[in-house]
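Participant: Once you know that position 215 of the sequence shown is 215 in the UniProt record's numbering, the rest is easy, because the numbers rise by one and skip nothing.
Hints were generated in silico from the structure; no laboratory data involved.
Where hints are given, some of them may not hold.
FRET-style restraints, in silico, Cβ to Cβ [said to hold, decoys possible]:
{"hint": "1", "residue 1": "120", "residue 2": "225", "range": "31 to 37 Å"}
{"hint": "2", "residue 1": "186", "residue 2": "34", "range": "38 to 44 Å"}
{"hint": "3", "residue 1": "158", "residue 2": "34", "range": "46 to 52 Å"}
{"hint": "4", "residue 1": "160", "residue 2": "231", "range": "19 to 25 Å"}
{"hint": "5", "residue 1": "226", "residue 2": "47", "range": "35 to 41 Å"}
Cβ atoms here follow ideal geometry from the backbone N, Cα and C, with glycine treated the same way.
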Amino acid sequence: MENRSSTESGSNPAWHPPPQKECCALANQTDPTAGLLAYVREVSLRDDDILRGLREETARLPGGAALQVMAEEGQLLGLLVRLTGARAVLEIGTFTGYSTLCMARALPAGGTVVTCDITDRWPDIGLPYWKRAGVDGRIELRIGDAAGVLEGLLAERGPDSFDLVFIDADKAGYPVYYAKALTLTRPGGLVVIDNTLFFGRVTDPGAQDPDSRAIRGLNAALLHDERVDLSLLPMADGITLARKR
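Given the sequences, and given the hints that come with them, work out the whole structure.
Facilitator: So, in C-alpha cells, the structure goes:
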C-alpha cells in the first residue's frame, strides 16, 4: 500500500500519507471491525519472523505503516506469482521491499524480481531481510525515475518480457506506468495495481488533487481497455488485477 504522492516521485519529504485504514472500503463502503480483520489474519495469514521484522521496522518510519503493503496483501502477491507461474516479475515502487520479499520468495528457482525506486534510502532497509530470507540473489534493484526505468527495460528486454508487474508508486504516474507495464507484460501475464480505491477519494467529487484524479482516470480507462481481463478487489486500499489478453 505504497501511497506515495506525485510530489514524492520527485522527492518531497514533507508529504505525509493520510492515516491508514487497516482494511478499506468493501462493497458497502464500510470498514470491517477490528475483530473481523483479526479473524481474517488468524485463519489465513502465514507469517514468520522475517516478514514480521521488516513490517515492524518499516512501521517505525515516519508514515511507514501507511506506505507498505499490508501483510495479507503481501501474501496475495506471493500467491499470484505462484498462480501465474511467474519467473520474471517487475515491481514499480520498492519502498522498504516488503512486497519485493513476498514475491521473491514465491518465485521458482531461476526466477527474478526487477524492482525500482526513486531512491535507495528505503530499499536499503529491506536488504538485510532479503538476505536473511535467502532471496537477495533473485532481486535486481534499479534506482531512478520509474518511467525512465521502464523505458530502459523496454529497450533492453523488449515487449512481453515479464510475467507479472506490480505497480505501487507515485499515483499521478500510474497512467504512464500502466501503459508501459502492459507493453512489458506477456500475453496471459498479470498487471497488479495497488491503491485503486485510494482511501475512498475515488468516489469523492471534491478530491481533485493530481493523485486522486490519476487513480480515478486510470480506473475509468481500465474498464474500457479491451486488451485486458479485469477485476478490482475491495481489499486493503483496492487492488486491481488486469490480465493481458
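Participant: All hints, please: hold or fail.
Facilitator: Quick rundown of the hints versus the structure:
1. 120 <-> 225: 31 to 37 Å: 33 Å, holds
2. 186 <-> 34: 38 to 44 Å: 41 Å, holds
3. 158 <-> 34: 46 to 52 Å: 47 Å, holds
4. 160 <-> 231: 19 to 25 Å: Holds: the Cβ-Cβ distance is about 22 Å, inside 19 to 25 Å.
5. 226 <-> 47: 35 to 41 Å: Holds - the Cβ-Cβ distance for residue 226 and residue 47, about 39 Å, lies within 35 to 41 Å.
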